[in-house]
Structures are given as structure tokens and as C-alpha cells.
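Q: Given the sequences, and given the hints that come with them, work out the whole structure.
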Amino acid sequence: MIPPLAFLGLAALLFVLGTIAFFVKKDLLVQFMAVEIMLNAGNLAILALGRATGKADGQALVLFVITVAAAEAVVGLAIIVLVFRRRKSIRTDDLKDLKG
Amino acid sequence: MAWVIFAILSILCAGAVTAMIVSRNQAHNALFLVLAFASLGGIFGLLEAPFAAGVQVLVYAGAIMVLFLFAIMMFDLREAGPREKRRLKVVLAGGLGLVLLAELVLAGRQALSAGRASAAAGGDLAHLGRLLFTDYLYAFEITSLLILAALVGALALAGRREGE
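As they're listed, the protein sequences go chains A and B. The working numbering applies: residue 2 is where the first sequence begins, and numbers increase by one. The working numbering applies: residue 1181 is where the second sequence begins, and numbers increase by one.
Derived from the structure by calculation, the hints contain no laboratory data. Heads up, a few of these hints could be off.
Far from chain B by the CB rule (all over 12 angstroms, computed), these chain A residues [said to hold, decoys possible]:
hint, residue
1, L96
2, D98
3, L99
4, K100
When the alpha-carbon atoms are kept at most 27 angstroms apart in a straight line, the in silico DSS-like pairs for lysine-lysine are as follows [what the hints assert, rightly or not]:
hint, chain 1, residue 1, chain 2, residue 2
5, A, K97, B, K1269
6, A, K89, A, K100
7, A, K27, A, K100
8, A, K89, A, K27
9, B, K1269, A, K100
10, A, K89, B, K1269
11, A, K97, A, K27
12, A, K27, B, K1269
Quick reminder that beta carbons are idealized off the backbone N, C-alpha and C, glycines included.
A: Okay, here's the thing in C-alpha cells:
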């Protein structure tokens, strides 16, 4: 049996990769995908710990995380579409009006 | 055997995410993420969580990423601009990532050393369904309300015509 630490390590790696992607990318849409990667890393950690404790609650929690992520994706993409309609661009370089 | 599958799937997953970071094409990014999420679904299966694995493949790799692809097709996919100088940002993001990784590894080790329970069968679907409709009933119903709210919100935001 694979120890939970291996899964937790993969979850940590995925979370870090998601963070790096969020900071490296310059595109609202792709940054949004990076957030999804981080959510998935969290799901993996929840499932690994859920199996380590031998309870099914982990899977229930993951179901909720995925539904909330789906709702968040829908609203977030709608906002990105609005930004694109107004600015004709979703690159973060073009969206720095607040910079003094 | 499980180790071999785990190694293949985790390398596939981490490799797909890395390729997504390196690639500059939005559509390729989304497709790499589909690959990453699908292999993550396999890893969920290794964790004896067949329900989570199914939901991961159906909802994440299926619905959410297809939504992303639709959104990408809606924006005009002109070529990314000239490669701007951003070496400093890449180095900073890498350093931040390393610090975060160290913290997560430390936290994970402490969390695991705190208590070690024996693994039991958590993949019983009937048990999970009963759990969802008893202990988590309120959360479940609130989630359905949340989805409805997201649906209406997205329609109100993006469904509006230009002139109104």
C-alpha cells in the first residue's frame, strides 16, 4: 500500500506548481486555471488524509469542493468575458489602471 | 504494482502542469490541464475513492475544462505578444514556490506523525450516499442552492446585450 505521505507530497507539489503558474502567467484565463490546479491539490490532500483515517467523509468533502469549484468557474468565466467585452483584452498587463 | 501506477500517474500529472506553465498557447494550456485532471482522477482511484475519481473525470476534466475551452474560443486567439522580459518575475515565483513547498512538506509530516489510523474501506458508495443525505444534508442542499445562484449570476453577468 502506498503511504499517505506520497500522496501528500504530490499534493504539495501540485499546489506549488499552481502557485508558480498563477504568478508566472499574464493572462486572466490561465491564472484562473492555475487556481483550479491549487483546488485539485487540496482535493488530493483531503482524499489522502481521508483514507489515512479510514473514513468516507473525505469523499463527501471533495464532492462539495468540486461543486463549489464548478460554480466559481462559471461566475469567474462570466466576469472574464465581461472584462474582455469592455477592454478587448484579458492580459493583466493591460489592466493596471489602479497602478498610480 | 500500485507504486508503478502511482509513479506513472503522478509524473503524468506533474508533467502536464509543468508543460502548462511552459506553454504559451491558451488552448494548449487548457488541454494540458485536462490531461492533468484526468490523471489526478486515476490517482483518486488509487486512493480507494472511486466516487471522487468519477466526479473528477466527469466534472473537472469534462465539464469545467470544456467550459474553459469554450471561453478560450470566444476570445480571439491572437498570438501572444513578443516575449517580454520577465526573468525577475520567474525567479521570484520560483523562490516563492520553493518556500511554499518546504512549508507544506513540514506541515504534512507533522500532520501525519500526530496520529496514524489503520486504513479501512472508505470506498463504499452506499455508505457515502447515506453520509451525504444524513450528516451532510444541509451542506448538500446549500450546495444545490449555490449552483443555482451561480447559474443565475452568470446569466445576469454575461447574458446581457451590449447596448443595455
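Q: Are the hints correct? Go through all of them and say.
A: Quick rundown of the hints versus the structure:
Distance check for A:L96 against chain B: the nearest CB is about 14 angstroms away, which clears 12 angstroms, and the non-interface claim stands. No beta-carbon of chain B comes within 12 angstroms of the beta-carbon of A:D98; the shortest separation is about 19 angstroms. With 12 angstroms as the threshold on Cβ separation, the claim that A:L99 sits away from chain B holds: the shortest Cβ distance comes to roughly 19 angstroms. The Cβ of A:K100 lies farther than 12 angstroms from every Cβ of chain B, with a closest approach of about 15 angstroms, so its non-interface assignment holds.
As the CA atoms of A:K97 and B:K1269 are separated by approximately 17 angstroms, the hinted pair is consistent with the 27 angstroms bound. Of the supplied pair hints, the one linking A:K89 and A:K100 holds, its CA atoms being roughly 19 angstroms apart against a limit of 27 angstroms. For the hint linking A:K27 to A:K100, the alpha-carbon distance of about 16 angstroms falls within 27 angstroms, and the restraint holds. Note on A:K89 and A:K27: the hinted pairing holds, with a Cα-Cα distance of about 15 angstroms set against a maximum of 27 angstroms.
Between B:K1269 and A:K100, the direct Cα distance comes to roughly 18 angstroms. Compliance with the 27 angstroms bound is thereby established for this hinted pair. Pair hint A:K89 plus B:K1269 holds up; C-alpha atoms about 25 angstroms apart against a cutoff of 27 angstroms. Our distance criterion of 27 angstroms between C-alpha atoms is met by A:K97 and A:K27, whose separation comes to about 12 angstroms. For the hint linking A:K27 to B:K1269, the alpha-carbon distance of about 11 angstroms falls within 27 angstroms, and the restraint holds.
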